[in-house]
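Enquirer: Listed below are the residues making up each chain.
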Amino acid sequence: MNIQIRKFYYGDIPEDTAQVGSNHSTTNENAWPLWEVFIRSKQGLDHKHAGSLHAADAAMAIENARDVYTRRQEGVSIWVIESKHVHASNPDDAEMFYEPASDKIYRHPTFYDLPDELKHM
Amino acid sequence: MSLHDLEKSFQDKIDKEIKIEPKDWMPEAYRKTNLRQISQHAHSEIVGMLPEGNWITRAPSLKRKVILIAKVQDEAGHGLYLYSAAETLGSSRDQMIADLHSGKAKYSSIFNYPTLTWADMGAVGWLVDGAAILNQVMLCRTSYGPYARAMVRICKEESFHQRQGFESLMVLSKGTQAQRDMCQDAINRWWWPSLMMFGPTDSESTNSDQSIKWKIKRKTNDELRQQFVDMIVEQVKILGMTLPDPDLKWNEERQHYDFGNINWEEFWNVVKGNGPCNKQRLAARNKAHDEGAWVRAAALAYAEKRKNKLKNKAA
Numbered sequence: 006m007n008i009q010i011r012k013f014y015y016g017d018i019p020e021d022t023a024q025v026g027s028n029h030s031t032t033n034e035n036a037w038p039l040w041e042v043f044i045r046s047k048q049g050l051d052h053k054h055a056g057s058l059h060a061a062d063a064a065m066a067i068e069n070a071r072d073v074y075t076r077r078q079e080g081v082s083i084w085v086i087e088s089k090h091v092h093a094s095n096p097d098d099a100e101m102f103y104e105p106a107s108d109k110i111y112r113h114p115t116f117y118d119l120p121d122e123l124k125h126m
Numbered sequence: 006m007s008l009h010d011l012e013k014s015f016q017d018k019i020d021k022e023i024k025i026e027p028k029d030w031m032p033e034a035y036r037k038t039n040l041r042q043i044s045q046h047a048h049s050e051i052v053g054m055l056p057e058g059n060w061i062t063r064a065p066s067l068k069r070k071v072i073l074i075a076k077v078q079d080e081a082g083h084g085l086y087l088y089s090a091a092e093t094l095g096s097s098r099d100q101m102i103a104d105l106h107s108g109k110a111k112y113s114s115i116f117n118y119p120t121l122t123w124a125d126m127g128a129v130g131w132l133v134d135g136a137a138i139l140n141q142v143m144l145c146r147t148s149y150g151p152y153a154r155a156m157v158r159i160c161k162e163e164s165f166h167q168r169q170g171f172e173s174l175m176v177l178s179k180g181t182q183a184q185r186d187m188c189q190d191a192i193n194r195w196w197w198p199s200l201m202m203f204g205p206t207d208s209e210s211t212n213s214d215q216s217i218k219w220k221i222k223r224k225t226n227d228e229l230r231q232q233f234v235d236m237i238v239e240q241v242k243i244l245g246m247t248l249p250d251p252d253l254k255w256n257e258e259r260q261h262y263d264f265g266n267i268n269w270e271e272f273w274n275v276v277k278g279n280g281p282c283n284k285q286r287l288a289a290r291n292k293a294h295d296e297g298a299w300v301r302a303a304a305l306a307y308a309e310k311r312k313n314k315l316k317n318k319a320a
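Protein chains in written order, with my numbering: chain A, 6 to 126; chain B, 6 to 320.
Incorrect hints may appear among the rest.
[Said to hold, decoys possible] In silico DSBU-like pairs for lysine-lysine, Cα to Cα no more than 35 Å straight-line:
#: 1; chain 1: B; residue 1: K224; chain 2: B; residue 2: K109
#: 2; chain 1: B; residue 1: K18; chain 2: A; residue 2: K53
#: 3; chain 1: B; residue 1: K28; chain 2: A; residue 2: K47
#: 4; chain 1: B; residue 1: K24; chain 2: B; residue 2: K13
#: 5; chain 1: A; residue 1: K109; chain 2: B; residue 2: K28
[To be verified] To give a feel for the contact side, a few chain A residues facing chain B, derived at Cβ under 10 Å:
#: 6; residue: N35
#: 7; residue: A55
#: 8; residue: D72
No lab work stands behind these hints: they were computed from the structure. Ideal placement from N, C-alpha and C gives every residue a C-beta, glycine not left out.
So that you can see chain A by itself, here it is in the shape it has in the complex:
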């Protein structure tokens, strides 16, 4: 593949025009783990994925989530879970995984043709 992006935009200054700084190495062993944050916006609703953040432990993750994701009363309850514990379906399998449902239209109420006189159904 030979696609080159020559043009650039606001907030996107290409590397070759940018001044390159000194060499550096990155150590990841001291990085705080990544957490996924779920927020319940009000009593009675589900917790919903809000985003992720880094924290040393669960207590700090909850405090950071409060500061990052609920500065404007967006939530009344927070769940955090370390990202490494999340298992996900594979997008490459999506066809095989979800396709079988698309031809089962009889699972939907609109599949059934009923007379207009029939009320409350």
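Position chain B against the provided structure of chain A, taking the given hints into account.
Expert: Using the frame of chain A, we list chain B on its own:
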């Protein structure tokens, strides 16, 4: 599937307005462009706290102080949303921070200008955040899912930044002669750098523009810049102030305002590290990071100790 097929189905998804998610197949250039753009955007939010933090201790009233603190806290949050989005593309937070601190990674040049007077806080909110919002509203519809979601969150919060800036200038514009002069001076200094925020002109643009084709961006720099000019020219009238451009005038044919030439030499100079505050900004970031190293290490050690304690208790 061959690479060609993968690229084709990728482009089909983009054309059908289906968002790309982290685990989906994507061309390497798409990944790289997004990573560079999102991390630069994140860095801009973080460095953007510095020129405003400069005025927190000197805000003229308690009201202005709490507003400014809230705004700076928002910028930190925006930086975090964006770093998280960038991390989904395979870079680590530490790597991105290291690139910023070494000068390898870039951030918006606007933050390399100094905030000399209190009126600058108003001008930054109105003009700089105003320019950023136009870009960010467009990015709410960008093709990469995590970036789009971060932008939606940011746009919800950003509107207060611009409004508080304008309101603060409005107060100055109705004040004493000295206050009015300070207001006009801030507008004069921030106007041109704000126009530069949209990036180089499109004149060298070709039709095969990949970023537009991939719907990372949906408007060109010049389109956004024109939108900004048209908007600000009307707003400045309410302040009773002027914009420092003698060529600014309504063009009946284009149905837009014409404006003067931008000093691109200055723009590239600042990008290359020679702006008024480049060194100061990076030094401040490096100092904060280095001096905070022991806190990060201590938090990790504490978490480790508690984990072991729990384990021993269970045993």
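Enquirer: Compare the structure with each hint and give your call.
Expert: Status of the hints after comparison with the structure:
{"no.": "1", "hint": "K224(B) - K109(B)", "in the structure": "27 Å, holds"}
{"no.": "2", "hint": "K18(B) - K53(A)", "in the structure": "26 Å, holds"}
{"no.": "3", "hint": "K28(B) - K47(A)", "in the structure": "31 Å, holds"}
{"no.": "4", "hint": "K24(B) - K13(B)", "in the structure": "15 Å, holds"}
{"no.": "5", "hint": "K109(A) - K28(B)", "in the structure": "28 Å, holds"}
{"no.": "6", "hint": "N35", "in the structure": "7 Å, holds"}
{"no.": "7", "hint": "A55", "in the structure": "8 Å, holds"}
{"no.": "8", "hint": "D72", "in the structure": "7 Å, holds"}
Violation of the numbered hints given earlier is absent; every hint is satisfied by the structure.
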